[in-house]
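Can you build the whole structure from these sequences, using the hints too?
Listed below, chain by chain, are the residues.
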Amino acid sequence: NAGVTQTPKFRILKIGQSMTLQCTQDMNHNYMYWYRQDPGMGLKLIYYSVGAGITDKGEVPNGYNVSRSTTEDFPLRLELAAPSQTSVYFCASSLPSRVHEQYFGPGTRLTVT
Amino acid sequence: EDKVVQSPLSLVVHEGDTVTLNCSYEVTNFRSLLWYKQEKKAPTFLFMLTSSGIEKKSGRLSSILDKKELSSILNITATQTGDSAIYLCAVEEKGGADGLTFGKGTHLIIQP
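Residue numbers (the numbering used here), protein chains in the order written: chain A, 1 to 113; chain B, 1 to 112.
The reader is advised that the hints may include incorrect statements.
List time: in silico BS3-like cross-link candidates among lysine-lysine, alpha-carbon distance up to 30 Å [claimed, not checked]: (1) Lys-94(B) - Lys-57(A); (2) Lys-104(B) - Lys-57(A); (3) Lys-104(B) - Lys-57(B); (4) Lys-44(A) - Lys-3(B).
The calculated label-pair distances, taken between Cβ atoms and stated as ranges, are [unchecked claim]: (5) Ile-15(A) - Ser-62(B): 43 to 53 Å; (6) Leu-80(A) - Asn-75(B): 21 to 31 Å; (7) Pro-83(A) - Ile-73(B): 34 to 44 Å.
Calculated from the model, a selection of chain A residues having no Cβ within reach of chain B, i.e. all distances over 12 Å [as the list claims (entries may be wrong)]: (8) Lys-14; (9) Ile-15; (10) Gly-63; (11) Tyr-64; (12) Thr-71; (13) Asp-73; (14) Gln-85.
Please keep in mind that the hints were generated in silico from the structure rather than gathered at the bench.
Idealized CB from N, CA, C, for every residue including glycine.
Printed below as a string of structure tokens:
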């Protein structure tokens, strides 16, 4: 099992550009999450999904969109990148009965200049 | 206002020392408190605590929850340089598939 994989590892965007952060898990987990981590801060939840076709907003969803067409994939879309979106983005997944035990991907470091 | 508060935010100790990391929380429908260790990349799960007073132990790490005080501590004894990491505390609320609420973390540095 590869677990949770994320691509790309690093990206630099110009203000106003768009991009999609990819996340895939091969553990057949129904629940998937996107977090961002700013320097010196904890992780903040952007969006989550409890299954294919179902997504919901977390604490900081503004400026982002998600989709969940399959159990495995949960891409995060930035439409108009802003400097405030400079952060490290983590995707995670869990079983429904084990929300406490989330498996995290290696992260994507995004810089918007 | 932060729902999960960790202290200290950073800590530098020498190898062999014992450290205690603190986490306090304020949530409406508490289900569990989690500790994660974050080294260079992704956080990895350490402990889940749901009941007051019951210590969870894994090697030199241990943790306990105090539901009356809405807090938890994470102890690391006989620290090693490999314990250097950010330790994250998070809270899971009932009824939520909506992820975890994390504290800012304690950045622990163990000097040889």
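Results of checking the hints against the structure:
no., hint, result
1, Lys-94(B) - Lys-57(A), "holds (17 Å)"
2, Lys-104(B) - Lys-57(A), "holds (21 Å)"
3, Lys-104(B) - Lys-57(B), "holds (23 Å)"
4, Lys-44(A) - Lys-3(B), "holds (12 Å)"
5, Ile-15(A) - Ser-62(B): 43 to 53 Å, "holds (47 Å)"
6, Leu-80(A) - Asn-75(B): 21 to 31 Å, "violated (46 Å)"
7, Pro-83(A) - Ile-73(B): 34 to 44 Å, "holds (37 Å)"
8, Lys-14, "holds (26 Å)"
9, Ile-15, "holds (27 Å)"
10, Gly-63, "holds (18 Å)"
11, Tyr-64, "holds (14 Å)"
12, Thr-71, "holds (15 Å)"
13, Asp-73, "holds (18 Å)"
14, Gln-85, "holds (19 Å)"
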